[in-house]
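The residues making up each chain are set out below.
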Amino acid sequence: MMLRPRTRLAGSLSLLLVAFALPALAHHSFAVFDHTRTLTLRGTVTRFQWTNPHGFIELDVTQSDGTVKHWSIETTSINMMQRLGWRSNMIKAGDKVKVVAAPLLNGDPAGLLLEVTLPDGKTMEPGVPAANTFARTPEQE
Amino acid sequence: MPVQLRVVAAIVCGLVALAESGTGAQRAAAPEGRDVQVLRPVPDITGSWQRLGFTVGLRATEKPNPAFLPPAASQPPLKPQYLQERQQRLQAIREADAKGQPLANHNTACIPDGMPAMMNAVFPMEILQSRGQVTIIAEAYTQVRRILMDRPQKAPGDVEPSFYGHSAGRWEGDTLVVDTIGIKETVRFQNTPHSAEMRIRERIRLVAADILWNEITIEDPVTLEKPWTFTYAYQRMPDYTLLEYICEDNREYADEQGRQQIRIEKPN
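The listed protein sequences correspond, in order, to chains G and Y.
Quick note: the first sequence uses the working numbering, first residue 1, plus one each step.
Quick note: the second sequence uses the working numbering, first residue 1, plus one each step.
Be aware that a few hints might be false.
[As the list claims (entries may be wrong)] Each pair of labels, with its calculated beta carbon distance range:
1) G:G85 - Y:K154: 43 to 53 Å
2) Y:P221 - G:L84: 43 to 53 Å
3) G:K92 - Y:Q133: 39 to 49 Å
4) G:T40 - Y:V177: 28 to 38 Å
Since the hints were derived computationally from the structure, they do not count as laboratory data.
Think of the CB as a built atom: it goes at the ideal place given N, C-alpha and C, for glycine as much as any other residue.
Work the whole structure out from these sequences, hints included.
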């Protein structure tokens, strides 16, 4: 908790950077996402939406109390993803994946994909512009 | 036919063939007293291009040679009233972003950028040279503009406002010179207001075998104090074929307050 003010400052600076950088780089502003923390979600894919302007990984996550919470994880444009080596069949319903995502600031169960680990252990670059401006939160055990 | 004449004829035929095969050609002054039309080949700019040093979503490329990086972009020299309008808009965008409630814009609704923003090539673009036309396709939003070659520009009153306008082009030596009018006033570049009188002039030329510069000058007697010039540099992508881009399922939308939102599948 002592690091919180610094994290906030870093977050604000990141937001500034993002505000300047993104209108020219992306389909939409990324300011809806929390730049100060990330969530690490391990779950089962219900759908991999391979579309523009953005793709989505739809994910069911079993929580510690046994209930299932559904998350919509937005990806960048599938064009950027293809240029980074992504293919539409890399993720399919039923796959167990780990994603690191920047959550929506408004608390809705959705986030921006920053890292993904596929069932075979392979990780893919997200292709998100300025992905390194999102402060990472270590995974909670 | 004397041998020399036959050689000349062969060269002329070859150049005409070159022109017809899509490489393009420019007319040279016919030698006095002759009714032949001599065609000279023009630079081959056909193919895929990406912004120089601009690698978002692309695998890291070599650092660009600084000699080919264009001059730094400048701010639009707007008249005070329009400068204020732009600054207020930029301030509103910054404030909304800082609150985590960004304002929706044309991209939220998957409306393409239009001219001249499409020339910033966020995603790669393709140039095609064919007889009488140079076509530029931007991968993002599958935007297409047609530059009609060696034809007079229309009168502004004869052009309906559109996203890409009406473009007339010609080769001046090694430079493709393009004049564009008729851009919709709602089609804004970097949140810069413009009038129906805006004219976009482009000078497109190879500065090296695989490096293309586009010097863009925007003129607008209503909104600008003076012409606004900036340059984009592009790098040839010899092995790249443009991908399709269709806004098939756009889950971003503008709410009642004009803020950008994301449709989630199962709200909890």
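Status of each hint after checking the structure:
no.: 1; hint: G:G85 - Y:K154: 43 to 53 Å; result: holds, 46 Å
no.: 2; hint: Y:P221 - G:L84: 43 to 53 Å; result: holds, 45 Å
no.: 3; hint: G:K92 - Y:Q133: 39 to 49 Å; result: holds, 43 Å
no.: 4; hint: G:T40 - Y:V177: 28 to 38 Å; result: violated, 55 Å
Hint compliance for this structure: hint 4 is the single one not met.
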